[in-house]
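K.L.:
So the chains spell out like this:
There are 2 protein chains.
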Amino acid sequence: MTDGTAHIHDHEHCIDTAIARARELCGAREVKLTPIREKVLEIVWRSHKPVGAYDVLDQLARTHKAARPPTVYRALDFLMAEGLIHKIESLNAYLGCGEAGHMHESQFLICRACGTAEEIVDDALDAALDAATKRSGFTVERKVVEIAGVCARCQTL
Amino acid sequence: MTDGTAHIHDHEHCIDTAIARARELCGAREVKLTPIREKVLEIVWRSHKPVGAYDVLDQLARTHKAARPPTVYRALDFLMAEGLIHKIESLNAYLGCGEAGHMHESQFLICRACGTAEEIVDDALDAALDAATKRSGFTVERKVVEIAGVCARCQTL
DNA sequence: AGTTGAATGTTATGTTGTATCATTAGCCCA
DNA sequence: TGGGCTAATGATACAACATAACATTCAACT
Ligand SMILES: [Zn+2]
Ligand SMILES: [Zn+2]
Ligand SMILES: [Zn+2]
Ligand SMILES: [Zn+2]
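So the protein sequences, as listed, match chains Y and E. Residue numbering for the first sequence is 0 to 156, as defined by numbering that gives the first Met the number 0. Residue numbering for the second sequence is 0 to 156, as defined by numbering that gives the first Met the number 0.
Rather than coming from a laboratory, the hints here were simulated on the basis of the structure. Just so it is clear, the structure is predicted and the values come from calculations on it, not from any experiment. There's no promise every hint is true.
One copy or two, it doesn't matter: identical chains are merged, so the pair holds either way.
Listed next, the in silico PhoX-like pairs over lysine-lysine satisfying Cα-Cα at most 25 Å (straight line) [what the hints assert, rightly or not]:
hint, residue 1, residue 2
1, K31, K142
2, K86, K48
3, K38, K48
4, K133, K48
5, K38, K86
6, K142, K64
Based on the provided sequences and hints, a complete structural model is requested.
P.N.:
Structure (structure tokens):
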């Protein structure tokens, strides 16, 4: 397939689930998932491809004329702080988190052919990261792991 | 210490060694380490902190009035292609490679207190990365591993 | 000398992200 | 009920990072 979705599925369901989960979490944490923040979350979730801030802005502006870069960056910052989205540093782009709720280190497989970024959770990998830093006496605050290449699907096309 | 060097050492020696090694490698590969490229390599090597492209430009312009952004980005691209420097994606900055010559995956420990980035080579970590991708049938082309936190030195200050 | 291709010069523009201050909206409480 | 507080958003401007496109120069080879 060429549209970058990892596989055929009911993607509206992905989006709805993510938003419902976000509402729950924000309610429990007593932070505000405002209309703008929710809309930005929905836009980010509309694809399984990382999406740039200015793409988000273009889409947000369709329904929210006052939208400007700070509008978007504030919403993205909030969503990242709450663990609802991640930033892919090597792409300067943002992606919905499928594991929102329990804080975790994000690790991504990024396909240059279809553009998808799959979030993986690999405890052995995470342990190896910790071991590497412990040896140096380094205190970890953030781990960026972004593996670029070609996904299994794209190799068979 | 506050200047961001990892430890007290003869840093001129670091620079000289890196440039000498770069000359060797480029000679052997029959690619051209031109004056501009060599100067950019030296500027990048002047610290153990990742340095932004426009910082490089400012420094390059001192001796090379015609320098413009493309001048710098072309040189940086060349140096990356030859494995002489790395880009730190999470900082949009560039750092000399201490292991130039044998191609390798780069893994960095980035201290937010002193700004240094230490390149580590951890085979167990690299193996864990490969294992994580093999399971998914993903073909790896590039691995970005950037661990941010506080280095051992800065914790004791 | 003439040809060729790589490197650099030059101008302009595209892309990503922040600083700053003004305004608005929700909430608490006198 | 309405003042006073804070969080969120609006609005303008700019900073920081990166590339497109085309012209010119330079070195190497004939
Ligand atoms: Zn989906
Ligand atoms: Zn793919
Ligand atoms: Zn040094
Ligand atoms: Zn440090």
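K.L.:
Against each hint, give a clear statement of whether it holds in the structure.
P.N.:
Results for each hint:
Taking the shortest Cα distances, K31 and K142 never come within 25 Å of each other, neither inside one copy (27 Å) nor across copies (36 Å). For a Cα distance limit of 25 Å, the shortest separation of K86 from K48 qualifies both inside one copy, at 12 Å, and across copies, at 23 Å. For a Cα distance limit of 25 Å, the shortest separation of K38 from K48 inside one copy, 17 Å, qualifies, whereas the shortest one across copies, 38 Å, does not. Proximity of K133 to K48 under the C-alpha cut-off of 25 Å is restricted to the inter-copy arrangement: shortest distance 21 Å between copies versus 33 Å within a copy.
Taking the shortest alpha-carbon separations for K38 and K86, only the intra-copy value of 17 Å comes in at or below 25 Å, while the best inter-copy value is 33 Å. For the identical chains of this complex, K142 and K64 are neighbours neither inside a copy (36 Å) nor across copies (40 Å), given an alpha-carbon limit of 25 Å.
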